[in-house]
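In case you want the letters, here they are:
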Amino acid sequence: MIGRLTQGELGIKGRRREQILFLMDNGIYVVTVLLFIGFVFLAPYFFTTRNLVNILISASLAGIVTAGYTVAILAGQIDTSTQGVLAVATVTTALLFEEAGFSLPLTVVFALLAGIAAGLFNGLIVVNGKIVAFVATLATQGVMLAIALFLSGGQTITIAREGLQEAVFIRVFGIPSSVWIMFLCYIIGWVMLTQTKLGAHIYATGADYRASLLSGVPVDRVIRVALVISALAAALTAVLVTARAKQSAMFGLAIAGSVDFVTALTAVLLGGFSLFGGVGRIERNLVAVLFLTILGNGLQLMDVATGIILIVRGFALVFAVILSVLRARMT
Amino acid sequence: MASDEVILETIDLDKSFGAVHAVRSVSWRVFQGRVNALVGDNGAGKSTLIKLISGALQPNSGGFRVRGQETRIGGPGGAFGLGIAAVYQDLALVENRDVVMNMFLGSELTRGPGAIFLDHKGMLQQAHQVLDDIHARIPNVREMVRNLSGGQRQAVAVGRALIRGGEIIIMDEPTAALGVEQTQEVLQLIDTLREQGKTIILISHNIQQVFEIADYISVMFHGELLGTRSRDEATEAEVVAMIMGRRSP
Chain A
1 MIGRLTQGEL GIKGRRREQI LFLMDNGIYV VTVLLFIGFV FLAPYFFTTR
51 NLVNILISAS LAGIVTAGYT VAILAGQIDT STQGVLAVAT VTTALLFEEA
101 GFSLPLTVVF ALLAGIAAGL FNGLIVVNGK IVAFVATLAT QGVMLAIALF
151 LSGGQTITIA REGLQEAVFI RVFGIPSSVW IMFLCYIIGW VMLTQTKLGA
201 HIYATGADYR ASLLSGVPVD RVIRVALVIS ALAAALTAVL VTARAKQSAM
251 FGLAIAGSVD FVTALTAVLL GGFSLFGGVG RIERNLVAVL FLTILGNGLQ
301 LMDVATGIIL IVRGFALVFA VILSVLRARM T
Chain B
1 MASDEVILET IDLDKSFGAV HAVRSVSWRV FQGRVNALVG DNGAGKSTLI
51 KLISGALQPN SGGFRVRGQE TRIGGPGGAF GLGIAAVYQD LALVENRDVV
101 MNMFLGSELT RGPGAIFLDH KGMLQQAHQV LDDIHARIPN VREMVRNLSG
151 GQRQAVAVGR ALIRGGEIII MDEPTAALGV EQTQEVLQLI DTLREQGKTI
201 ILISHNIQQV FEIADYISVM FHGELLGTRS RDEATEAEVV AMIMGRRSP
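First to last, the sequence lines map onto chains A and B. The opening position of the first sequence corresponds to residue 1 in the working numbering, with each subsequent residue numbered one higher. The opening position of the second sequence corresponds to residue 1 in the working numbering, with each subsequent residue numbered one higher.
Just so you know, these hints were derived from the structure itself, not from any lab. We treat Cβ as the ideally placed atom computed from N, Cα and C, and that holds for glycine. Fair warning: there could be bad hints in the mix.
Unchecked claim - Just the calculated beta-carbon pair ranges, DEER-fashion:
(1) 218(A) - 240(B): 40 to 48 Å
(2) 220(A) - 27(B): 31 to 39 Å
(3) 70(B) - 188(A): 47 to 55 Å
Here chain A stands alone, though its shape is the one from the complex:
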């Protein structure tokens, strides 16, 4: 860590430090509610059923990626390959469903398998290659993007065949299935992280690799599993994105902004997670995703230029990183 200050130098100790940490951890709830109330008054059409459902759909896609991403970052692994996994999985979905004529369940299974394969590949480079995840996954992302480009011939694959969008976006109680799937992901994630041995090992490995190793935690296996979960969530999102757009999503800049590594990272950091692993609660990330989605949606409705919105989002990440580093210094 660069320029790390000791607690003494920061002049914050004991109770007071715990209070500030509590604020940093839970501030996201307050800020999100305030933002929501603000837009109700400021942004036209914001507080309509149609728009609220839209927010939920957008949030569901970013939310699922972030849920998986959370697990990786808790294990101390900054997974930057999300974009690559999305690309491979969206092309797999479109090719199998549209061109190979696979049934819907089989298409989904293969898209998810592609995600698992990508995660295992990441694990191989990180664990066996002993390379920091941030760098390793940046490299594997390049490979994945290239594979997606090769498979698709560089073309967007339009899905004319009926059944994908309709099946994936069935409404239950008026809310599209992707939203329910997101909630399910967070419930599973919460149970896994707080109630299982694997969860305890993920937290411990991220918080202190060496201490966990000496204590008999199977750290390498934990890292592999975390990277697979992260990639699996990205692949699941890819299926939903593809179904929603009725075409393979373009990768590179086009998906950026809603479902990508940067959004996931911003959400994770705003949610009070440490960039260095081992700290954070998954339910806060759900709120952070809602915050980012509401922010984008509200500004759009207020007719703010797209460029400005992107700048605001950029600052959100800067702010989140500062928050995270402050927190790391304090703990």
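Fit chain B to the known structure of chain A by using the hints.
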């Protein structure tokens, strides 16, 4: 104390790292229910000997006798199996986890099919009990380890060793980084462990402290074991002389 029983014995233990002969044919006897101090200057081979006993290193030759049985210690897991648990100098605690999770790290209690789910209640109860047994002053076992004092941390690390069935507890410089009050706390902790019949192997630089707490004092010099004295028959001057390499008559 001549009637004390030997619980662990190293037999002609030898370990080299390339040209460095770190442990030379050491035959050391560790007495049951006693505090066995191991002293020596930097580089005398104490740490290597301890790592051989805790299974972190494998000897080039020689072996062990534990409770009268000849055995080998294949790795840290093998050492746990024999009731040998090391408390590392940096304690190997995870700062951002609470006391309970640290005490059970790597040996979590589970329930349900496939041992997937954590038994939070069981771990909480057992953590309370173990900490009570060693009179540890930790008000809240849900406190993050980062907020604990040095003495409390030592108690958590020892608690972890006990939870893993530690009968022979190796403590590597447990007071090295502590202030006066915390040091007293750790010495009391060692005393409590002895009262409960645990065997303690204590590595220390602090001769005064060793004389205060240990029953037996063994001295290493240049990889060799120069000798073991019971505290009552040794003098500080003699031990210091041995540490500096003068064999006692």
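Hints, verified against the model:
In this structure the hint that residue 218(A) and residue 240(B) lie 40 to 48 Å apart at CB holds, the actual value being about 45 Å. The hinted window of 31 to 39 Å between residue 220(A) and residue 27(B) holds, with their beta carbons roughly 37 Å apart. At roughly 50 Å, the beta-carbon separation of residue 70(B) and residue 188(A) lies within the given 47 to 55 Å, and the hint holds.
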